[in-house]
Each structure stands twice: as structure tokens, then as C-alpha cells.
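Given the coordinates of chain A, work out where chain B should sit on it, guided by the hints.
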Amino acid sequence: MSYAGTERPKASMKRFVRHNDESPWVRWTLTGVALVFLGLFLVVPLLAVFAEAFKKGWETYMASISEPDTLAAVKLTLLTAAIAVPLNLVFGIAAAWCIAKFHFKGKNLLMTLIDLPFAVSPVISGLIFVLMFGAHGILGPLLGSLGIRIIFAVPGIILVTVFVTFPFIARELIPVMQAQGTEEEQAAVTLGANGWQTLFRITLPNVKWGLLYGVILCNARAMGEFGAVSVVSGHIRGMTNTIPLHVEILYNEYNFAAAFAVASLLAFLALVTLVLKCALEWKSDRSRRQERMR
Amino acid sequence: MSVEVRNVSKAYGSFQAVQDVSLEISTGELAALLGPSGSGKTTLLRLIAGLEKTDRGNIFFKGEDATNQSARERKVGFVFQHYALFRHMNIFNNVAFGLQVRPRKNRPSKKEIRERVFELLKLVQLEGFAERKPSQLSGGQRQRVALARALAIEPEVLLLDEPFGALDAKVRQELRRWLRDLHDRLNITTVFVTHDQEEALEMADRIVVMNEGKVEQTGTPEQVYHAPANPFVCSFLGRANLFRARVPGDQAADSMEIGYIRPHEIQVSMHRYDRTSVPSVINHIYTVGPTVRLEMTRMDTGEPFEAEMGRERFQELGVRAGETVFADLGDLKLFGTKPGGNPGMNYRPVRQMQSVGADVQPANR
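Those sequence lines, one after another, are chains A and B.
Read in order, the letters of the first sequence are residues 88 to 381 in my numbering.
Read in order, the letters of the second sequence are residues 683 to 1047 in my numbering.
Everything labelled a hint here was simulated from the structure, so no lab data went into it.
Positions of the beta carbon are idealized from the N, C-alpha and C atoms, including for glycine.
Any given hint might turn out to be false.
Unchecked claim - As a list, the in silico DSSO-like pairs of lysine-lysine whose alpha-carbon atoms are at most 30 Å apart:
no., chain 1, residue 1, chain 2, residue 2
1, B, 792, B, 757
2, B, 815, A, 188
3, A, 295, B, 815
4, B, 735, A, 188
5, B, 744, B, 896
6, B, 793, B, 757
7, B, 815, B, 757
8, A, 192, B, 735
9, B, 815, A, 364
10, B, 787, B, 804
To be verified - Restraint ranges, calculated between C-beta atoms of paired labels, are given here:
no., chain 1, residue 1, chain 2, residue 2, range
11, A, 205, B, 719, 38 to 44 Å
12, A, 374, B, 973, 47 to 53 Å
13, B, 694, A, 205, 30 to 36 Å
14, B, 801, A, 177, 38 to 44 Å
15, A, 210, B, 719, 53 to 59 Å
16, B, 764, A, 196, 30 to 36 Å
17, A, 142, B, 814, 54 to 60 Å
18, A, 196, B, 809, 48 to 54 Å
19, A, 371, B, 848, 22 to 28 Å
20, A, 368, B, 848, 48 to 54 Å
Next comes chain A alone, as it looks inside the complex (with noise of 0.2 Å):
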């Protein structure tokens, strides 16, 4: 509470040190009432999870977890990951670029539609492709005739999922590369480096730290992502069941100690993020700490 005292200047900090400075019982009090709601809504929760899962024992839990369903889920979970994460590696790559280093028209469109997946419900998300590619929807019959299925398989499920997590990336990527101009860029055309010379040597390596903050947000989302996935999974066990799918499943079957074990998994994924973002925030913070210090 006693920043504002603690960062000013000298000479003007006996003035400010003591309207800033509250009382030991008013810090104490607010403090505690942050610590507290943390712990009810986050801590708690997430210990109760992991509580949960083990509370028949590691042997129920390994067996929860290495049933060949919960397999097929993880299986399936990391397929759409390894593939939609890649694929909005590229898009959002591209959109930044073009967003961040180039004027054109309809500009603002393109930055609004990038924005759509986190404006519109997942569960919207997911019905549009049902009424894209559904049995009766506009391209379904067509593709079906084919013998391509993509509702109620995984095509569906990858879909959707590179649908949501579209923005993660590009997100990430446009404030940082339009903090840093384009001067660097320019001084490389000049240089005589062409367009992909300049993006893997210059672009790229200047906002690698938000690229790989993007790609672990994008990673997150595309693992836990329940609503849009829901909707066109049709959820056949073992088929066309992600980790947050088949967790549901497993709970509205009584089956607690299994949901919690296949939950934990989920949970831990989460918490890993939480670390690596911690750790690359930190990085990139000390790298940028350096740079300002000439």
C-alpha cells in the first residue's frame, strides 16, 4: 500500500509518505480479503480436484487414467492440439504481420474478424459448423457424397477448435510487433533481404517472447476447449471424445473418482502453463529490462 511513498522522488516523499501510508489494520484487512477470495475460488478448488482424484488411492487413479477410453480422449485431445495449435501459429503469424507492418484498406474489418471466435459463445461456434457441414447444412450433403465426414468426427473437432483459439496468437502478436515498428525491417530491405529473409531473421526473432506467451494460451485453449467442441462431437466414447468431454461424461455417470483423475490431468496441463507463462514473462521482462538499460 506504500508504493506511491516508495517510488517518489526524495525531497517529496515526506509529504506523500503518510497519505499513502494506511493503517497496519486497513492493509491487513484488504490483504487478507484478496488472500481469502484467492483461496476460496482458485487454491481451494484446484486442491480439491487433485483431492478428489486420489482419494481411492493411486491404483484407482492409474486405472481411471489408463482406460482405454481416457486414452482415446488424451489421444484426441493432442491430436487437435498438434494441429490446430500449428495452424494458428501460421494464420496468426500472417494476420499480425500484415495488420502490424502494412496500410490498407479495410484494416479495422480484418482486426474485428480475427476478434469474432472470443466474441461470439463457443456453443455458437460450434453450431455454425454443424449448419457449414452438418448431415442437412450447406456443404454437409455435398462432402458426405464424398464420403467425407467432418460433424460428428474429428475433422469437426479440429475445426472448431482452430475456430476458437484463432485470436490467441494473432492477439498476442499485433500490439508487440506494432511497438516495434518497422525501421528494422526496412533497414534489412535495404540490406537486400527479401520477404521471408526479413520475417525468420528479423520479425520473428523480435517477438519470439509474445509468439511462444501466444502459442501456450493457444495450446491451453485448444486442449480445454468444452463448448464449441461439445457441439459437433456427438460424444462416441472413445471416438470423438476430448479430455474435457469424456470428464463430463464420466461425471454425469457417478463415476467421481474417474471424472477427478481425468480432471487432474486437465488441471495439471493448466497449472504447467501457468509456470511456463510465469517463467517467460520473466525472461522477456529481463530481456526488455536489458535493452532499456543503455
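Showing chain B alone in chain A's frame:
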């Protein structure tokens, strides 16, 4: 390599940055684009580099039309105002970049690149800094890295945008001399942009004075300083007092023209020597190092102006603010007098003036 700009225009939206500019820079010349901010000098430089597209007009390198070539094809060395060093690369890789990105068939071997980079680092006196990151260098050092990087591709034209703009006064002085020497050694056609008249006068073989997107005058430092074409050039290059003077015409029809006189050309004395001396009141006295600047007002017209003299002369006079002295404006010159012409010719109309600027107008400094 010679550079020619022919009738080039460039607008950003409704703002006309460069308007119908033509100029020629011959091979090996060191030219300065001088002008206030917003005069279009940087835009012109970027147009020459190919970083901006011309709206109208053509740009020639060595007599060949390069208007439609991209910046990449023009192969000019460009040094950005804020250097634009690649912040994630060390100095070695910054300088080597231009060689490393060449197509494989023209790319020198790793060993050759290494040799070339160290040669360049030696040239800019930064041999020991190859492993450092740009963020670990001072402004002057970064500037030299940027220069080495631009020179690595062996450009025939070197373009510098405000090369010393971001440096402090002392480093700027040193780098100016150093760059001038470097130019004399390498003999690359060089164009630099500056808003600092002293920098332009000191370094350039030729100065292109720009204002509001147009070229006001092109000439040697001598020409633009001593024979400015118009009031703008005159007041931009050093201090000047502008007076309107009556010039006797050929057929007794006097014409009014704007003349100028530099503060140091005004003789200040306690007595009236000539018809061109005017009584003036001293308002303020400023001492700037070895020179003393007097802010005065003419008593006949009430116009303010400025005179300058050495410290010794000032002490000899022994005047104080508020006193009345005589200022000799006999050196008043008219614009458009031919540079290098008979100096007597330059002065004559002024000497024949019927009282210097009877109705004198804007003392627009």
C-alpha cells in the same frame, strides 16, 4: 555513382511532402539536404532509397531510371535516424547481415564475411565490440555500427537520415569530422539529411536547402551562406536581419526589395560615420562565449534587430543596455546577387540606397 532526381512529388494524404523537386548529385559528392522539420528532406531521402514510392517524377542512378526499382534492388546504403540496428543480433551479425542474406551464388564464404566484417569494424573503430548487443553500446557507437552495416554491402550511394540527430553535442562534433574523413577516403556518393545548418556547412560539398517540400537553393556552403537566393535560405543558414530597402532603379523608378545583413556584419559605433549608420537603442546584451550579441531597436523605424561582435570590440565600446549607439547597415545585401560575382557589384545598390530602408519592414529573423 551519380544520383538524379527529376520533378519528383510525393504526398501523404492531403499533405504534400515533396513538391516537384529536381536535383543532381554527382559521383563522389557529399551532399546535405538541409531544412526545418516538415520540409520534406527525409521523405526525399527515402524516395531516393526506394523506401517510399514517388507519386510523380523519376529517380536516376548513374543515368539509369531506378524509379520502379524496390529498395532491395537499388542497393543503397541507408543509415536510419535511430539506427534501426537489429536488437536481437550482436554487432558482428548486424554488420554481416547484408552479406549473409545474399543469394547463395553471390554470397561470400563464411571466412570472407568474417574478414569483411572485421575490416569494417576496424574502419569504424569498434573491433572489440563484435560480440556485444546493440543495447550495450553508446549512441555514437551504435551510429558507427549502423554505418558499418550499410557499408558492408559496398553501396555506391550512401544515404544518412539525420546521422547525428540523437547524439550529444561533443560526440556529434567528433563524428562529423570522422565521417567527412571517411567520405574522403571511400569516396562514396553520400547524401545526408540534417536540420542543423552548422553541420551542413561544415561537412557538405553541396547543400540543398529545402522548405515546405521544395528546394529553395542548391549550392556550395559558400554560395548558400554568402549568396542566399531568398529570405528563407538566408535566415535558415545562420542569423540574419532582414530589412526592406529602397533601391534606385534605372529610370528613376525606385523599387523596394528585401535585403539582409548578418549580425556580425553590422558595425556598431558611438559616432555616425556614414549615411548608412542608423541610431539604435540597445535592449539586451548577451554574452555567448567569445561573442557578444546585442539586441537593438532602430530609432528611425522602431524595428528590432541583432548585432554581433567580438568580446574585445565590445569592451572597447563600453556600452550598456539602454544606451543609444550607431549601427552601420552599409553591408546590407540584396537577394539573388550572383554568387562569386564582383563583390563590389553586390554592395553597390546598397551603398546607393537612400537611407537604409526608409520604410523598412519585417525584421523576420
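For each hint, the structure was consulted:
1. Between residue 792(B) and residue 757(B) the alpha-carbon distance is near 21 Å, which keeps this suggested pair within the 30 Å criterion.
2. Distance check on the hinted pair: residue 815(B) and residue 188(A) sit about 24 Å apart at the alpha-carbon level, within 30 Å; holds.
3. For the hint linking residue 295(A) to residue 815(B), the alpha-carbon distance of about 17 Å falls within 30 Å, and the restraint holds.
4. For the hint linking residue 735(B) to residue 188(A), the alpha-carbon distance of about 16 Å falls within 30 Å, and the restraint holds.
5. Distance hint between residue 744(B) and residue 896(B) is fulfilled; the C-alpha atoms sit about 23 Å from each other, no more than 30 Å.
6. Restraint check: the Cα-Cα separation between residue 793(B) and residue 757(B) comes to about 23 Å, which is no more than 30 Å; the hinted pair holds.
7. Annotation: proposed proximity of residue 815(B) to residue 757(B) holds, straight-line Cα distance about 25 Å (limit 30 Å).
8. At most 30 Å may separate the alpha-carbon atoms for a hinted pair to count; residue 192(A) and residue 735(B) meet this at roughly 18 Å.
9. With a CA separation close to 26 Å, the supplied pair residue 815(B) and residue 364(A) stays within the 30 Å bound.
10. For the hint linking residue 787(B) to residue 804(B), the alpha-carbon distance of about 27 Å falls within 30 Å, and the restraint holds.
11. The supplied range of 38 to 44 Å is met by residue 205(A) and residue 719(B), whose beta-carbon atoms lie about 41 Å from each other.
12. Taken as a hint, the range 47 to 53 Å holds for the pair residue 374(A) and residue 973(B), whose Cβ atoms sit roughly 49 Å apart.
13. Taking 30 to 36 Å as the suggested C-beta distance range, the pair residue 694(B) and residue 205(A) conforms, at roughly 34 Å.
14. For residue 801(B) and residue 177(A), the hinted distance range of 38 to 44 Å is satisfied, since their beta carbons lie about 40 Å from each other.
15. Separated by about 55 Å at the C-beta atoms, residue 210(A) and residue 719(B) satisfy the suggested range of 53 to 59 Å.
16. In this structure the hint that residue 764(B) and residue 196(A) lie 30 to 36 Å apart at CB holds, the actual value being about 32 Å.
17. One distance hint, 54 to 60 Å for the beta-carbon pair residue 142(A) and residue 814(B), holds here, with the actual separation near 58 Å.
18. The supplied range of 48 to 54 Å is met by residue 196(A) and residue 809(B), whose beta-carbon atoms lie about 52 Å from each other.
19. Checked against the hint of 22 to 28 Å, the pair residue 371(A) and residue 848(B) passes, with Cβ atoms roughly 26 Å apart.
20. In this structure the supplied range 48 to 54 Å is violated for residue 368(A) paired with residue 848(B), their Cβ-Cβ distance being about 30 Å.
Comparing the model with each earlier hint shows a violation of hint 20 alone; every other hint is respected.
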